[in-house]
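Colleague: Below, each chain spelled out in residue letters.
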Amino acid sequence: MASIIMVGDLKLHPADFLFKMAPFCFYTLHNVAGMMDEYGTAIHEYLPEPHSKIWLLVLVLTFNGLIAFFLNWTCFTSTNLLHP
Amino acid sequence: MLVALWLACYVVLNIVMGVHNKWILSHTQFSFPWILTSIHIFISGIGAFLLITLGNICEPARLNKNGLSRYAAFSLLYTLNVAMSNVSLTLVPLAVHQMVRSLFPMLNMTLDYFVLGKKHHFSLVLAILPVSRNEAYLFRTIFRSRPCLIWGISGCQRDVFLEFL
Chain H
-18 MASIIMVGDL KLHPADFLFK MAPFCFYTLH NVAGMMDEYG TAIHEYLPEP HSKIWLLVLV
42 LTFNGLIAFF LNWTCFTSTN LLHP
Chain G
2 MLVALWLACY VVLNIVMGVH NKWILSHTQF SFPWILTSIH IFISGIGAFL LITLGNICEP
62 ARLNKNGLSR YAAFSLLYTL NVAMSNVSLT LVPLAVHQMV RSLFPMLNMT LDYFVLGKKH
122 HFSLVLAILP VSRNEAYLFR TIFRSRPCLI WGISGCQRDV FLEFL
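Those sequence lines, one after another, are chains H and G. Mapping of the first sequence onto the working numbering: position 50 corresponds to residue 31, and the numbering continues sequentially without gaps. Mapping of the second sequence onto the working numbering: position 52 corresponds to residue 53, and the numbering continues sequentially without gaps.
Hints in this document: simulated from the structure, not taken from any laboratory. Be aware that a few hints might be false.
[Said to hold, decoys possible] The calculated EDC-like cross-link candidates involving lysine to aspartate or glutamate, where the alpha carbons are at most 20 Å apart (straight line), are:
| # | chain 1 | residue 1 | chain 2 | residue 2 |
| --- | --- | --- | --- | --- |
| 1 | G | 23 | H | -3 |
| 2 | G | 66 | H | -3 |
| 3 | H | -8 | G | 60 |
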């Protein structure tokens, strides 16, 4: 699909595409996570935990998010390079 | 050469991402794939925003209605792909997850032929066949012996990399 859409006039820079995609997708995922009651379960599971454990989890998730950012970046850059 | 470097980075990051996601979803108490995917998108958006505003890496393009609708649909599809990948990681072992993902080139080529009427070069089809063979072998021996498992996995990764070359 990327080779069909991200070509010609619609070819965006990877950063630009991520910047445009993120708010819409985050809103969609946030709603789906709410419908699946993941937020409620997460709050109930982690509220009684000690603060140090929660901060460790935040650190791990941030690192995971950074890997995801670089993965998305390389994916879109590779697509742009393979379909000039 | 540059393309090969970016593809190599993509392959490595893909593997690291899969392993790290599996570790978070299985070995910590954070087994919430949809929240995890939303964190991925959130941090990706923050990173892109910082690169554009502080790094001046590119000028944000203006899209017309047609372009916006196409990108919105593609964004949704891409996000669903990532979300389903994370959801499946909570249900199956990582080896099965990677096996199924390694079938994607063959599935893509089949769909290209029957849905889009696009024919791929015979050499590409030939390159995909060893991947399928390794997948079948790996599936058959996954719980039998560790040396066969390691051979199967290394064969799959080698074949996928050769396909990109």
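Colleague: Determine for every hint whether it applies to the structure shown.
Modeller: Against the structure, the hints come out as follows:
Annotation: proposed proximity of residue 23 (chain G) to residue -3 (chain H) is violated, straight-line Cα distance about 29 Å (limit 20 Å). For the hint linking residue 66 (chain G) to residue -3 (chain H), the alpha-carbon distance of about 17 Å falls within 20 Å, and the restraint holds. A distance of roughly 13 Å separates the Cα atoms of residue -8 (chain H) and residue 60 (chain G); the hinted pair therefore holds under the 20 Å criterion.
In this structure, only the earlier hint numbered 1 is contradicted, and the remaining ones agree with it.
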